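Visitor: Sequence:
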Amino acid sequence: GIVWIATNWGKTSIWWMRIICNTRVEYRGLDKIPKGPLIVASKHQSAWETFALLQFFDQPLYILKRELTWLPLFGWYLLKAGMIGVNRSAGGRTLIDITKRAAEEIRRGRQLLIFPEGTRRAVGAPPDYKNGVSLIYGEAGVPCIPVALNSGLFWPRRTFLRYPGTIVIEFLDPIPAGLKRQEFTPRLQAAIEEATDRLVKAGREEQVRLIGFSAPVAASVRS
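According to full-length UniProt numbering, the sequence shown holds residues 1 to 223 in order.
The hints are simulated quantities; they were obtained by calculation from the structure and are not laboratory data.
From a predicted model like this one, the values you see are computed outputs, not experimental measurements.
A portion of the hints provided could be inaccurate.
As the list claims (entries may be wrong) - Straight-line C-alpha distance at most 25 Å; calculated SDA-like pairs for lysine to any residue: (1) K130 to L179; (2) K130 to A177; (3) K201 to L30; (4) K32 to R187; (5) K180 to Q207; (6) K80 to T12; (7) K35 to W16; (8) K65 to K130; (9) K65 to T159; (10) K32 to Q59; (11) K100 to R181; (12) K65 to T119; (13) K35 to A81; (14) K180 to T94; (15) K11 to A47; (16) K80 to Q55; (17) K35 to K201; (18) K130 to P186; (19) K201 to N22; (20) K35 to N87; (21) K130 to R198; (22) K11 to F57; (23) K65 to R101; (24) K32 to I14; (25) K65 to R158; (26) K32 to T50; (27) K100 to K130; (28) K130 to G118; (29) K130 to I98; (30) K80 to I98; (31) K100 to P126; (32) K32 to D173; (33) K35 to I20; (34) K65 to R107; (35) K100 to T159; (36) K80 to A125; (37) K180 to R108.
Stated by the list, open to error - Label-pair distances were calculated between CB atoms; the ranges are: (38) R209 to E183: 25 to 35 Å; (39) G109 to I19: 32 to 42 Å; (40) L161 to K100: 36 to 46 Å.
Using N, Cα and C, we set each Cβ at its ideal position, and we do this for glycine too.
Please take these sequences and the hints and turn them into a complete structure.
Guide: Structure representation (structure tokens):
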């Protein structure tokens, strides 16, 4: 099915990146991933983690643009895999409906893979966390595991360029179920951002050693 295809696409891409670009991958904290229903809240710097994260979960769930489900064959696979399509033009009612549907799927034993900022962010860009993940967390009543990474240094968004070095995806300490929203959201953001900053710093240092420079920072943080 689509999950198997996407998982193996990610593995194949990394294999080619290692051969062609000298880019390796390291996964940390795999022993911290709880079994059963779960929210996986990840930093999002690259298209790569969309596929790379799938291999660690037996019933993964994504919330994605409804238009993707209209694509021939691929869209059919998305629907068959039980992914949730979102009509972004429908307004606030959509968020309520998606929250309830996602929570129902999670309680059935699935693992929701979600990017709290909603879209890819350039390395170094200020964080921009949305309300969606906290709403689903409150409705589903399950733990949430934060995920930090530095993939944007090696597989940047909006370019075909790839860079050598080590992509690190790190699973952090799970946040238990049952926290209030005003406690959950800052805790999640702090965990992801602090660990991501650490991984990006180490990745930049490695790039300088390998090629003499590091991938550009986001325009919003250049000064």
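Visitor: Run every hint past the structure and note whether it holds.
Guide: Cross-check of the supplied hints:
1. K130 to L179: 17 Å, holds
2. K130 to A177: 19 Å, holds
3. K201 to L30: 22 Å, holds
4. K32 to R187: 17 Å, holds
5. K180 to Q207: 40 Å, violated
6. K80 to T12: 23 Å, holds
7. K35 to W16: 31 Å, violated
8. K65 to K130: 16 Å, holds
9. K65 to T159: 21 Å, holds
10. K32 to Q59: 17 Å, holds
11. K100 to R181: 16 Å, holds
12. K65 to T119: 11 Å, holds
13. K35 to A81: 20 Å, holds
14. K180 to T94: 23 Å, holds
15. K11 to A47: 13 Å, holds
16. K80 to Q55: 18 Å, holds
17. K35 to K201: 31 Å, violated
18. K130 to P186: 11 Å, holds
19. K201 to N22: Roughly 19 Å separates the two Cα atoms, so the pair holds.
20. K35 to N87: This hinted pair is violated, its Cα atoms lying about 31 Å apart.
21. K130 to R198: With Cα atoms ~23 Å apart, K130 and R198 stay inside 25 Å; holds.
22. K11 to F57: With Cα atoms ~15 Å apart, K11 and F57 stay inside 25 Å; holds.
23. K65 to R101: Answer holds: K65 to R101 is near 15 Å, not above 25 Å.
24. K32 to I14: 23 Å, holds
25. K65 to R158: Distance ~18 Å between K65 and R158 Cα, so the pair holds.
26. K32 to T50: The given pair, whose Cα atoms are some 20 Å apart, holds under the 25 Å limit.
27. K100 to K130: 17 Å, holds
28. K130 to G118: 7 Å, holds
29. K130 to I98: Holds, at roughly 14 Å.
30. K80 to I98: OK: K80 and I98 at ~18 Å, within 25 Å.
31. K100 to P126: Violated, at roughly 29 Å.
32. K32 to D173: With a Cα-Cα distance of about 6 Å, the restraint between K32 and D173 holds, given a limit of 25 Å.
33. K35 to I20: Measuring from Cα to Cα gives roughly 36 Å; hence the hint is violated.
34. K65 to R107: 22 Å, holds
35. K100 to T159: 36 Å, violated
36. K80 to A125: Not satisfied, since the Cα-Cα distance of roughly 35 Å exceeds 25 Å.
37. K180 to R108: 23 Å, holds
38. R209 to E183: 25 to 35 Å: 40 Å, violated
39. G109 to I19: 32 to 42 Å: This hint holds: roughly 37 Å between Cβ atoms.
40. L161 to K100: 36 to 46 Å: Since the Cβ atoms of L161 and K100 sit about 41 Å apart, the hinted range of 36 to 46 Å holds.
Comparing the model with each numbered hint stated earlier shows that hints 5, 7, 17, 20, 31, 33, 35, 36, 38 do not hold.
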